[in-house]
Amino acid sequence: MSPPTHHETLLALQNVTIDLGKRTFGPFTLSVKAGERIAVLGPSGAGKSTLLKLLARELTPADGQATFCQRHLKEWSLADLSHRRAILPQSHEVAFGLPVELVIGLGRVARTFDPDITNIVRQAAELACAGHLLERRFDTLSGGEKARVQMARVFAQLWDVEKGLLLVDEPLAALDPGLQFSLMDAIYTFAAQRGHAILAILHDINQALQGFERLIFIKDGSMTGDYTSQQITIPLLEALYEVSLISAVSDSGEFIVAPSKAQKSF
Amino acid sequence: MSASTNVMPFASRLTAGLIHRPALFLWVTLIICIWVAAWAGAVNVMPADWLALLQAGDDQPLTGGAYVLWNLRLPRILFAALIGAALGLSGALTQGLFRNPLADPGLLGVTSGAACAAALTIVLLANSDIHIPISLRYWILPVTAFAGAIGVCFLLDTVARWLTADSIAGLLLTGIALNALATAVIGLCTYLATDEQLRSLTFWTLGSLAGASWPLMLALLALLLAAVWYVRRLVNEMNALALGEATAAHVGVNVRHLRARVITLVALLCGFAVAWCGMIGFIGLVAPHIVRLVIGPDQRRLAPLSMLVGAIILLVADTAARTVAIPAEIPVGIFTALLGAPFFLVLLAGIRKGT
Numbered sequence: 001m002s003p004p005t006h007h008e009t010l011l012a013l014q015n016v017t018i019d020l021g022k023r024t025f026g027p028f029t030l031s032v033k034a035g036e037r038i039a040v041l042g043p044s045g046a047g048k049s050t051l052l053k054l055l056a057r058e059l060t061p062a063d064g065q066a067t068f069c070q071r072h073l074k075e076w077s078l079a080d081l082s083h084r085r086a087i088l089p090q091s092h093e094v095a096f097g098l099p100v101e102l103v104i105g106l107g108r109v110a111r112t113f114d115p116d117i118t119n120i121v122r123q124a125a126e127l128a129c130a131g132h133l134l135e136r137r138f139d140t141l142s143g144g145e146k147a148r149v150q151m152a153r154v155f156a157q158l159w160d161v162e163k164g165l166l167l168v169d170e171p172l173a174a175l176d177p178g179l180q181f182s183l184m185d186a187i188y189t190f191a192a193q194r195g196h197a198i199l200a201i202l203h204d205i206n207q208a209l210q211g212f213e214r215l216i217f218i219k220d221g222s223m224t225g226d227y228t229s230q231q232i233t234i235p236l237l238e239a240l241y242e243v244s245l246i247s248a249v250s251d252s253g254e255f256i257v258a259p260s261k262a263q264k265s266f
Numbered sequence: 267m268s269a270s271t272n273v274m275p276f277a278s279r280l281t282a283g284l285i286h287r288p289a290l291f292l293w294v295t296l297i298i299c300i301w302v303a304a305w306a307g308a309v310n311v312m313p314a315d316w317l318a319l320l321q322a323g324d325d326q327p328l329t330g331g332a333y334v335l336w337n338l339r340l341p342r343i344l345f346a347a348l349i350g351a352a353l354g355l356s357g358a359l360t361q362g363l364f365r366n367p368l369a370d371p372g373l374l375g376v377t378s379g380a381a382c383a384a385a386l387t388i389v390l391l392a393n394s395d396i397h398i399p400i401s402l403r404y405w406i407l408p409v410t411a412f413a414g415a416i417g418v419c420f421l422l423d424t425v426a427r428w429l430t431a432d433s434i435a436g437l438l439l440t441g442i443a444l445n446a447l448a449t450a451v452i453g454l455c456t457y458l459a460t461d462e463q464l465r466s467l468t469f470w471t472l473g474s475l476a477g478a479s480w481p482l483m484l485a486l487l488a489l490l491l492a493a494v495w496y497v498r499r500l501v502n503e504m505n506a507l508a509l510g511e512a513t514a515a516h517v518g519v520n521v522r523h524l525r526a527r528v529i530t531l532v533a534l535l536c537g538f539a540v541a542w543c544g545m546i547g548f549i550g551l552v553a554p555h556i557v558r559l560v561i562g563p564d565q566r567r568l569a570p571l572s573m574l575v576g577a578i579i580l581l582v583a584d585t586a587a588r589t590v591a592i593p594a595e596i597p598v599g600i601f602t603a604l605l606g607a608p609f610f611l612v613l614l615a616g617i618r619k620g621t
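Residue numbers (this note's numbering), protein chains in the order written: chain A, 1 to 266; chain B, 267 to 621.
Treat the hints as calculated values from the structure; they're not laboratory data. Nothing here was measured: the structure is a model prediction, and the numbers come from that model. Heads up, some of the hints might be wrong.
Partial list, derived from the structure: chain B residues whose beta carbon lies under 8 Å from chain A [claimed, not checked]:
| # | residue |
| --- | --- |
| 1 | R365 |
| 2 | N502 |
| 3 | E503 |
| 4 | A508 |
| 5 | L509 |
| 6 | G510 |
| 7 | T513 |
| 8 | A515 |
| 9 | H516 |
| 10 | G518 |
| 11 | V519 |
| 12 | N520 |
| 13 | G562 |
| 14 | P563 |
| 15 | D564 |
Chain A is faced by these chain B residues, among others (derived, beta-carbon under 8 Å) [stated by the list, open to error]:
| # | residue |
| --- | --- |
| 16 | A332 |
| 17 | A506 |
| 18 | V517 |
By construction, the Cβ of each residue, glycine as well, lies at the ideal position given by its N, Cα and C atoms.
Bound conformation, chain B alone (with noise of 0.2 Å):
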């Protein structure tokens, strides 16, 4: 019996999909990745550097190269990962809830609404006499697209339970109208925005990661280390899903609290991100379709694959997308499709070929 078709026990799930071979190269091409990103830059990041923090003390604060390290480029390229790796996980669960390839959070409004929100207070605020301290304005951005995320999750799911009950595809078609209605709000937006707020507005709705820092990186850490532990619980009841809604209730799936629980979990992996670093689109929807023609649609395996797919993808976008134009920044999401897309279709032939 071959290791890729065989029914693990259920209870060894997500740990033991990290372990297998196509995990290992992929957590090799993800190190390699990383390093090559650390050294990419205007400043060349050498080997020596990477040693520079055991002997730097208060007396001797890090130079050169290996203050562009430790202080911006690890944070960064670290937070590319793990924003990567959100997207691929959000996607991956997207994707199950819908039993459908194409959906996707970007489809469902939820990047679209934080984007919609952020937007709105970029052009309404600046429109407006209220006031704002200085040590409020950093976050006011964030929380507002943060709150537009789950705020879109939460009408998805009220509109689309009245319009169509128990349905899940009344779900997608509920969330593919909320998000042509926040693109238009946000298009709307665009169009009342100064020159000045649509400098602003480029970073919502093509995604930057110029924001990263430790703290940042941490929480995000915090956060998908939560997701991941949460997920490994619910990913043989998304494998049920495939089965189709009525089977999965007859063989003892809750379907109502499975799509509550994806639901909310997509919002806050994908408010999170949308909130800190824009819409970036693409990763959502390929990292798993990636994984999927590669080993196949075991949501136990795809869901911590699909992780590691989108934090390889997204860390070359962003490596690309601060090193092509020095110094200028081009946006990440740009690349992100620009490297993606191509690639996805030489896999999709290759699979065609092979079959």
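If we strip away everything but chain A, and leave its shape as in the complex, we get (with noise of 0.2 Å):
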């Protein structure tokens, strides 16, 4: 493999329907370049997961074409895909109770030869901040913890490579908002030093506004926009919420949306 230029376009997306039977999505058009941070947003059930669920190759287009690295996304064995694409999911069950060490080290299952992996796995859990678990047993931790050993996995998997992408599924929504800020800094680290681009999903507008350069709005199944962060007005928020939202500019110049009770017709 030929090292990727920069800028290399990881995952691009021509005209691509999914069709679940009950409903179809899309189209979508879409293209994701090595390092970008990009966030989807959307109301629930708009079909962000099942946009999610197409990019990790859970779901096949029923039209359109998706490729990553210039390759049939399709004609990708799901080992040489694990390579270079991760999936941080929603939910973190994991049954028997594996050893935390275990769980981590499986983000690599599919190298065949893989000498360093007692070395990666021990650096990908400091790096989740779960260094502390790696004894434990993965049925006995917080929901927390769990989140953080499924984040140390998606880091061990994408530890040796560059430019790869991570799919992240709203994996944060159920923790304090001190743990959140310290993963999705993690998250951020891990990324921006290898290359990856990150594609997450997500529910707070205002972490979608800090930490992420762009932002995909998905509504009714389909995409609807596609935005620089610097681009997003209240306006097109609210449009894609239905709901009122107020700003406001923190004294260190975050920009801080909030939904309002206001009533308003859209």
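Now that you have both chains on their own, put them together as the hints suggest.
Structure below.
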């Protein structure tokens, strides 16, 4: 594999639709470049997770073209794909209570020769603030600890590659604000050091505005917008969520948005 | 860092699992069990009889205890241990595949499918006019039982894929339905059977190791060695399956292929066991459980240790089955549950107290 050039396109969707029988989604047209940080916003049930499943290759397109690193997504073997893209899921259940160290190591299960795994597992755990959990059993952990371990597993998976893709499905919603902050920070650091692109489904508008340079809007099963974070305005967000919003600027210059009780018609 | 939680390099897997300390303990227990099982029986085998084979030649055939040991008891003991190991391994694989500690090959209908095929053959063949040469009769039931196990597995995979695509829970439920169906057919055969056929049916439903012989033992040994070699490459993917089907696919495991491989392997192991020994329940369920309670759920160690535990349980049960009521022999399936269940409960109680 030749070394990827800067701003190489990792993922490209060209008029992709998804047919789930009862409902069709799309068309989605989207390209993700190495190192980009993209947030996916939209109301519940709009199709955000469906889009993520398409990118994760859990769903196959009914129509259109989906390519990853210039190859059709469907031509990739699952093992090869796992070397370049990782997914941080919403739920954290693991059967049988495996040891944490093993769970993190499983991120690298598709590598046939992996001499440095013990080291990588430890470093990935440290980065995800889970270094002290290595000797525990997964089923004895709290919700926040489980999230950290799953994040360490994803870090281990893409630890020694460059310009990969990290798909994140709202993993932090149930965690306390301090932990959310430090874990998001860990993800940014991890991805920035390696040129990985991040594509994250988020419910927290402020998190999206502060940490992501590009925002994609999904509503009623299709893409309704693709903006840089500077282009985002309150009316755009209000139209997306069909709710009135108020905004404020903090002392340190951060733009903060919150829902308001005022009624508006959309 | 303690040895038990250490992530072993993924390259050294099953072999490393066999020389850990619990494995050493189990190997020693197994050897003691073999020694005791060889001694016990209608004829007591003395230590000198073990050496008699060296002195025996064409002009000096084995006699007495030595004859019993080398021609009857030893093949049976080793056969029992190997069948136990096969059942333990298939239990560990099934539980890993379904991510469910209650799944075992019996629950999926694999064993009852094999017994069902045998029962149908016993009853239908007797009521038809087909003449079968004596030389073939010995093989016909094992072959049909084996075909029954493979058939159920194939049906299971096809039906589950059609009804509930790509869902392991759906596969489990389909298996439960097939098991009920096979059990019903066995019940029907029992109802239709004559007294003589009933005796033959009992062999299949309660299990017996009386058919053991050296060639059979060696065939099973070969199958088991091949299975162990094959499982070595699957254990890591089986561990990944514990993360959930979707996540296993994300880390690069082809769940569909893995599922087909594991099912085929379980069908081969169970099919062989049922074909020659009938339905021996409980071991596939309880052996992996015992191992999991003691050393944890890591498949890399669970699979080999379940084999050892399965071997010990079946050997002890079979020894009891053939010695409790000499010269009669009680079906071994009764003893696996009779001995295994209380032991398992004691172990559960101990774990409960410990935590």
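message: A closest beta-carbon separation below 8 Å is what the hint needs, so does T513 of chain B meet it against chain A?
response: holds, 6 Å
message: For the restraint on G518 of chain B, tell me whether the closest CB of chain A is nearer than 8 Å.
response: holds, 3 Å
field: Supplied contact hint for E503 of chain B, tested at 8 Å Cβ to chain A
entry: holds, 7 Å
When the least beta-carbon distance from N502 of chain B to chain A is tested against 8 Å, hint result: Because about 5 Å separates N502 of chain B from the closest Cβ in chain A, which is inside the 8 Å limit, the hint holds.
- prompt: Are V519 of chain B and chain A close enough, Cβ to Cβ, to be under 8 Å, as the hint says?
  reply: holds, 7 Å
field: Restraint check, 8 Å cut-off on beta carbons, for A332 of chain B near chain A
entry: With a closest approach of 47 Å, the A332 of chain B hint is violated.
- request: Please verify that hint: V517 of chain B, Cβ, nearest Cβ of chain A, below 8 Å or not.
  value: holds, 5 Å
query: Once the shortest beta carbon distance from A508 of chain B to chain A is found, is it less than 8 Å?
result: With Cβ-Cβ at 4 Å, under 8 Å, it holds.
message: Quick check on the hint: R365 of chain B CB to chain A CB, less than 8 Å?
response: Interface hint status for R365 of chain B: holds (4 Å vs cutoff 8 Å).
query: Once the shortest beta carbon distance from A515 of chain B to chain A is found, is it less than 8 Å?
result: holds, 6 Å
field: Residue hint G562 of chain B, partner chain A, criterion CB-CB below 8 Å
entry: Interface hint status for G562 of chain B: holds (7 Å vs cutoff 8 Å).
field: A506 of chain B as chain A interface residue, shortest Cβ-Cβ below 8 Å
entry: holds, 5 Å
Hint 16 from the list above is the single one not met by this structure.
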